[in-house]
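Student: Residue-level listing of the chains:
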Amino acid sequence: MTALTREETEALIQEVLEVYPEKAKKDRAKHLAVNDQSIEQSKKCITSNRKSLPGVMTIRGCAYAGSKGVVWGPIKDMIHISHGPVGCGAYSRAGRRNYYVGTTGINTFGTMNFTSDFQEKDIVFGGDKKLAKLIGEIEQLFPLHKGISVQSECPIGLIGDDIEAVSKKAAKEINKPVVPVRCEGFRGVSQSLGHHIANDAIRDWVLGNRDTSAFESTPYDVTIIGDYNIGGDAWATRTILEDMGLRVIAQWSGDGTIAEMENTPKAKLNLLHCYRSMNYISRHMEEKYGIPYMEYNFFGPTKIEESIRRIAGFFDATIQANAEKVIAKYKPIMEGIIAKYKPRLEGKRVMLYVGGLRPRHVIGAYEDLGMEVVGTGYEFAHNDDYDRTIKEMGNATLLYDDVTGFEFEEFVKKVKPDLVGSGIKEKFIFQKMGIPFRQMHSWDYSGPYHGYDGFAIFARDMDMTLNNPCWSKLTPPWKKAA
Amino acid sequence: MANIMIRRDSNGKYQFYLPKRDLEDTIVSMEFDTPEKWGGEIKLNNGGSYYIEPQPAPARLPYSVRAKRLDAAE
Numbered sequence: 001m002t003a004l005t006r007e008e009t010e011a012l013i014q015e016v017l018e019v020y021p022e023k024a025k026k027d028r029a030k031h032l033a034v035n036d037q038s039i040e041q042s043k044k045c046i047t048s049n050r051k052s053l054p055g056v057m058t059i060r061g062c063a064y065a066g067s068k069g070v071v072w073g074p075i076k077d078m079i080h081i082s083h084g085p086v087g088c089g090a091y092s093r094a095g096r097r098n099y100y101v102g103t104t105g106i107n108t109f110g111t112m113n114f115t116s117d118f119q120e121k122d123i124v125f126g127g128d129k130k131l132a133k134l135i136g137e138i139e140q141l142f143p144l145h146k147g148i149s150v151q152s153e154c155p156i157g158l159i160g161d162d163i164e165a166v167s168k169k170a171a172k173e174i175n176k177p178v179v180p181v182r183c184e185g186f187r188g189v190s191q192s193l194g195h196h197i198a199n200d201a202i203r204d205w206v207l208g209n210r211d212t213s214a215f216e217s218t219p220y221d222v223t224i225i226g227d228y229n230i231g232g233d234a235w236a237t238r239t240i241l242e243d244m245g246l247r248v249i250a251q252w253s254g255d256g257t258i259a260e261m262e263n264t265p266k267a268k269l270n271l272l273h274c275y276r277s278m279n280y281i282s283r284h285m286e287e288k289y290g291i292p293y294m295e296y297n298f299f300g301p302t303k304i305e306e307s308i309r310r311i312a313g314f315f316d317a318t319i320q321a322n323a324e325k326v327i328a329k330y331k332p333i334m335e336g337i338i339a340k341y342k343p344r345l346e347g348k349r350v351m352l353y354v355g356g357l358r359p360r361h362v363i364g365a366y367e368d369l370g371m372e373v374v375g376t377g378y379e380f381a382h383n384d385d386y387d388r389t390i391k392e393m394g395n396a397t398l399l400y401d402d403v404t405g406f407e408f409e410e411f412v413k414k415v416k417p418d419l420v421g422s423g424i425k426e427k428f429i430f431q432k433m434g435i436p437f438r439q440m441h442s443w444d445y446s447g448p449y450h451g452y453d454g455f456a457i458f459a460r461d462m463d464m465t466l467n468n469p470c471w472s473k474l475t476p477p478w479k480k481a482a
Numbered sequence: 001m002a003n004i005m006i007r008r009d010s011n012g013k014y015q016f017y018l019p020k021r022d023l024e025d026t027i028v029s030m031e032f033d034t035p036e037k038w039g040g041e042i043k044l045n046n047g048g049s050y051y052i053e054p055q056p057a058p059a060r061l062p063y064s065v066r067a068k069r070l071d072a073a074e
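Quick mapping for you: the protein sequence lines, in order, are chains X and W. With our numbering as the guide, the letters of the first sequence map in order to residues 1 to 482. With our numbering as the guide, the letters of the second sequence map in order to residues 1 to 74.
One thing to keep in mind: the hints can contain errors.
Calculated cross-link-like contacts (lysine to any residue; reagent style SDA-like; alpha-carbon spacing at most 20 Å) [stated by the list, open to error]:
hint, chain 1, residue 1, chain 2, residue 2
1, X, K414, X, R349
2, X, K30, W, A72
3, X, K288, W, R7
4, W, K13, X, K414
For each label pair, taking beta carbons as the anchor points, the in silico distance ranges come out as [said to hold, decoys possible]:
hint, chain 1, residue 1, chain 2, residue 2, range
5, W, D33, X, D27, 50 to 56 Å
6, X, E306, W, D33, 29 to 35 Å
7, X, K325, W, N11, 26 to 32 Å
8, W, D33, X, K288, 22 to 28 Å
9, X, F142, W, K37, 54 to 60 Å
10, X, K51, W, M30, 42 to 48 Å
11, W, D33, X, R50, 29 to 35 Å
12, X, P476, W, N11, 56 to 62 Å
13, X, E40, W, D33, 18 to 24 Å
14, W, M30, X, S38, 25 to 31 Å
15, W, M30, X, V101, 47 to 53 Å
16, W, D33, X, T212, 35 to 41 Å
17, W, M30, X, A11, 38 to 44 Å
Read the hints as simulated data drawn from the structure, not as lab findings. Glycine is no exception: its CB is placed at the ideal position from the N, C-alpha and C atoms.
Based on the provided sequences and hints, a complete structural model is requested.
Tutor: Set out below in structure tokens:
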């Protein structure tokens, strides 16, 4: 199918909206748009960061997911207590595949679940005593942990427990940081507020801890911020930066440690990958410590080259020369990959619906493979994310904010993309519809996708999914035209 | 009154950030923009406007300051 024109796309949005009652239709219409690159500000065409409508199927998460699942969870040498009933922690355990190095249960705790397992009596009488006891037990059982964070679940805020007081007291007793995080799930409209709360907690309880201690710094100290090492992403990124001659002193927060986080204010430049979830802390460091930050994009060779040059622009001629060397070193390898996969993928059309940074960042990687992104949307973006996305997307492509299950399905039925990239909740619907699907949250149990190493895997995975012979087997023989 | 943060973006323009509402936008105009007198009414790209008490320009950006909302766009 050829690309839709602007009128056709607008008609498609109207058609999809038709089933809603008047009020819901009016509200949802603001969240769906046809991309127009000439628009300077997204506000004119799309509304974002608003409460989801009751009754429609949203794909968003909650503040707890944003804090425990995204920002705090990957810090490997801390223990993150899911404070409240057992489910929130149990069902989100290790689902995000934040890889790390270490011995789980001894000095790293990434894939473990710690919870205070609230019962009725804790709701009635309060859970502060239980939390204090729990921290004591952790200290006894896992003495090599470097700190504890208390991730509140909904009931904590509802019953008004004073986790700050417990944390302060416990921190003195065990002589390690204990960080209370007020990330109750009901706060905010999506996980986005959870990121903000988590960043604020890091700012208030962690970041300044080593301000006075000595640190041997070099002029080339950088940090990777907002890379959660999904399938090893941060490692692929780190390789490139170290090849350039930079020293990565902290990874936030994939494969990160609390010591790295405390040392971050000693860096010369903060490299920010996921803008949505970690711009808060970068802003804070820019103001308090005068560390500039830069948003970069390590998806696909074109964008990687751009980013490498821009990163090198912050440093002296040595790094700039190294940057060119790195680009030259990988160029033939990347050309080989593109030569191999482009003929198999060229002209294929992709629809994305993810969170954070990917709806705009991966566009470049798909374009490198000759594919076209015909629709994109964010779960929890703000207006500034769409400002950036508009420039990346082609004209007359679809934009959808906080898309509902129904809308997404209808769009896919009408636009008929060759590939859909979204999360696990969408995966099986589309696979059953016979449309190749990749999970773009967890890289479908593959990865890394960042960096040069990641692009090779990205290209292979896309080919593997799109050109899989199974898609032609979906129609049973008796339904096939003779 | 709300706390806002003003920084320069990569194009050298002023950028406005309101942490409370996670609102981020470029500033299209600032009433006073000299080293001695800085602030006044600021207009945002999204159509909103805020007022900063005129003051000597901050030595270093980003800079957090109290601002009064005159007319928010949404």
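Student: Each hint should be assessed against the structure and marked as holding or not.
Tutor: Verification of the hints:
{"no.": "1", "hint": "X/K414 <-> X/R349", "in the structure": "13 Å, holds"}
{"no.": "2", "hint": "X/K30 <-> W/A72", "in the structure": "19 Å, holds"}
{"no.": "3", "hint": "X/K288 <-> W/R7", "in the structure": "12 Å, holds"}
{"no.": "4", "hint": "W/K13 <-> X/K414", "in the structure": "42 Å, violated"}
{"no.": "5", "hint": "W/D33 <-> X/D27: 50 to 56 Å", "in the structure": "39 Å, violated"}
{"no.": "6", "hint": "X/E306 <-> W/D33: 29 to 35 Å", "in the structure": "32 Å, holds"}
{"no.": "7", "hint": "X/K325 <-> W/N11: 26 to 32 Å", "in the structure": "29 Å, holds"}
{"no.": "8", "hint": "W/D33 <-> X/K288: 22 to 28 Å", "in the structure": "24 Å, holds"}
{"no.": "9", "hint": "X/F142 <-> W/K37: 54 to 60 Å", "in the structure": "58 Å, holds"}
{"no.": "10", "hint": "X/K51 <-> W/M30: 42 to 48 Å", "in the structure": "33 Å, violated"}
{"no.": "11", "hint": "W/D33 <-> X/R50: 29 to 35 Å", "in the structure": "34 Å, holds"}
{"no.": "12", "hint": "X/P476 <-> W/N11: 56 to 62 Å", "in the structure": "58 Å, holds"}
{"no.": "13", "hint": "X/E40 <-> W/D33: 18 to 24 Å", "in the structure": "22 Å, holds"}
{"no.": "14", "hint": "W/M30 <-> X/S38: 25 to 31 Å", "in the structure": "26 Å, holds"}
{"no.": "15", "hint": "W/M30 <-> X/V101: 47 to 53 Å", "in the structure": "49 Å, holds"}
{"no.": "16", "hint": "W/D33 <-> X/T212: 35 to 41 Å", "in the structure": "37 Å, holds"}
{"no.": "17", "hint": "W/M30 <-> X/A11: 38 to 44 Å", "in the structure": "43 Å, holds"}
Violated hints, in rising order: 4, 5, 10; the structure is consistent with all others.
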